[in-house]
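S.K.: Required output: the full structure, derived from the provided sequences and hints.
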Amino acid sequence: MSDLLTGQHDVSVTRGTLGSRVALGVGIAVVVALIFAPAVAGDSATNNLTQFLILLIMAIGWNLVAGYGGMVSIGHQAFIGFASYAVLDLSIHGVLAWYAVPMAIVLAGLISIPVSWLAFRLRGGYFAIGTWVIAQVFQLVIAQQSNLGGGAGASLNDLNNLNPINRDNVTYWFALGLTVLSLGVTALLLRSRVGMALVAVRDEEFSAAATGVNVVRTKRLVFILSAAICGGAGALLCLSNLEVQPNSAFSIQYSAFMIFMVLVGGIGSFEGPIIGAIIFFVLQQSLASYGAWYLVILGGFAIIVTLWLPRGIWGAIDPHHRRSLVPLRHRIDYDEIE
Amino acid sequence: MIWTNAVIQGLLLGGLYAIFACGLSLMFGVMRLVNLAHGDLGVLGAYFAIILVEHLGGNPLWTFAAVIPVAALVGYLLQRFLLDHALNGGELSPILVTFGLSIIIENLLQQTFGANDQSLNIGALSYQSWKIASDIYVGRLNVIIFVVAVLVIVALQLFLSRTPAGRALRATADNRRAAALSGIDPKRTRAMATAIALATVAVGGLFLAMRSSFAPTSGSADLLFAFEAVIIGGLGNLWGTLVGGLVLGVAQTVGSQINPADGILIGDLVFLAVLAFRPQGLIASRSVAVR
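Keeping their order, the protein sequence lines are chains A and B.
In this text, residue positions in the first sequence follow numbering that gives the first Met the number 0: the first is 0, and each later residue adds one.
In this text, residue positions in the second sequence follow numbering that gives the first Met the number 0: the first is 0, and each later residue adds one.
Keep in mind that a hint or two might mislead.
[To be verified] Taking CB as the label site, the calculated pair distances span:
| hint | chain 1 | residue 1 | chain 2 | residue 2 | range |
| --- | --- | --- | --- | --- | --- |
| 1 | A | 204 | B | 186 | 24 to 32 Å |
| 2 | B | 111 | A | 15 | 48 to 56 Å |
| 3 | A | 91 | B | 160 | 54 to 62 Å |
| 4 | B | 129 | A | 159 | 53 to 61 Å |
By construction, these hints were calculated from the structure, which means they are not laboratory data.
Ideal Cβ placement from N, Cα and C applies to all residues, glycine included.
M.R.: Here is the structure:
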């Protein structure tokens, strides 16, 4: 340390590592490969990939609010369902469904602002149930809109005249684009001043406030962004299912899925949701025939991981944040000058 | 007259919500833990009663004597073997663990008993009623539930304020470390709080099963109602929880009177209005034990 101070070392603060540069290259290669995947994979494989990407987008959104914002929301299905219905409603009013997707994302972000006014009055576990109640209100209100099909739901007829395979491919590319966008926005946010404030707030709210971080504004920003990302997943669900129904669009199961993916992968890490979504998707495909048992297993996993592997699989791979694949943290490197 | 009737029925329904809410509030007060499986544990008690009646027969009323002690024991063990570990894991972990528990219970029940509605048939008591005005009748069972709700709250309040064990709970709620330093065993105190909470929610679950029907997923709805009652009444006050339950019950029945599909929504809106305009709840906090 004294050597450091006397200038015997060349000290540099960096973020990137060899690993992160390799990861960026691999990431770009994977995305490029995925862009062309529909040409190789059949229609059903493409649809499966779309389902996977939708889950991944949800996990990215929930990780942002819970992992980085420290707010365990059990009500983000409100934004998923809201955006699904926004696509439906816009298409009823003559907006082509493709254009309705970005609009639905913005609307989900906007609706989350008044939601945050109410939900932010609660903390911890009560915040969790409060968001759940708000999601229930969304569902009850939308289930009464007869122009949106009421409790029975409605079909998205906008895209019926398209060739189904082309339609599925475009939906897939939308999902891929939104996944990359969500990951990119998350990385940029975390590298920014806001990201540092966020980590400070999550780790110790009072100290963060004392050092001049505007805690409420920072949390609200993350809440809105995560709502918009989950809204993106919801909009895609509408495109891929071609119908929306209140009980499934606002299902609490989405919260269970998001929590599972983020916990197992590693809450509060950039890589966690990706790992978690892959594991969840594989489990979902292989356990689908077991009915409710698979949710029992999911709940059991959530408890076990929370208690014995609190930072998930990525936390076990990278306990000291040295192998991060994304250059989010500052590192101090110093070499001796000979 | 229909409105008077709606208010009276709502008050009676609110008693049931208060029974569900007081345990949630007690656990939060003592250990800052919000048990997201609270409602599901009540529903679990109701299924236990169904099994008991199926095998042993008789009027389901007797199952109170069996379910309550079992629920208290389950609460004690649950705290010792699961929730205590969750509390050591930081702020998020109790929320995630109890949510996982909720998913497990709901889906196990679904797998075992199917998704159909069930109820406990208590014979004539379920439809007998008292006439209190020319066209207002109150169901006897509903009045019993209301009376039990008030008794449970009074008993809990007396227990907290008058007994050494209650003092230990209040002390732990106030300052966990200071309480431990003055010789209160924190593990035992927490386990006691959870045992009491589960005993009360089992009472709620049985009444729910006798009053109307229930299904594996009823627990989530009950959790939300209990939570709304706690927040409407104001954290930190058992009387507030009772008042919150009554306000929620009245909001729901009056809402149903306006439009049968709107009952729950109106209850939710009253809750959101309280959150927006009076976040400390209708009754300001005094006691620390249930904050």
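S.K.: Take the hints in turn and mark each one as holding or not.
M.R.: Evaluation of the provided hints:
1. Distance hint for residue 204(A) and residue 186(B): a CB-CB separation of about 28 Å, consistent with the stated range 24 to 32 Å.
2. With their beta carbons about 53 Å apart, residue 111(B) and residue 15(A) fall inside the hinted range of 48 to 56 Å.
3. Residue 91(A) and residue 160(B) have their C-beta atoms about 59 Å apart, which keeps the hinted 54 to 62 Å range intact.
4. With their beta carbons about 59 Å apart, residue 129(B) and residue 159(A) fall inside the hinted range of 53 to 61 Å.
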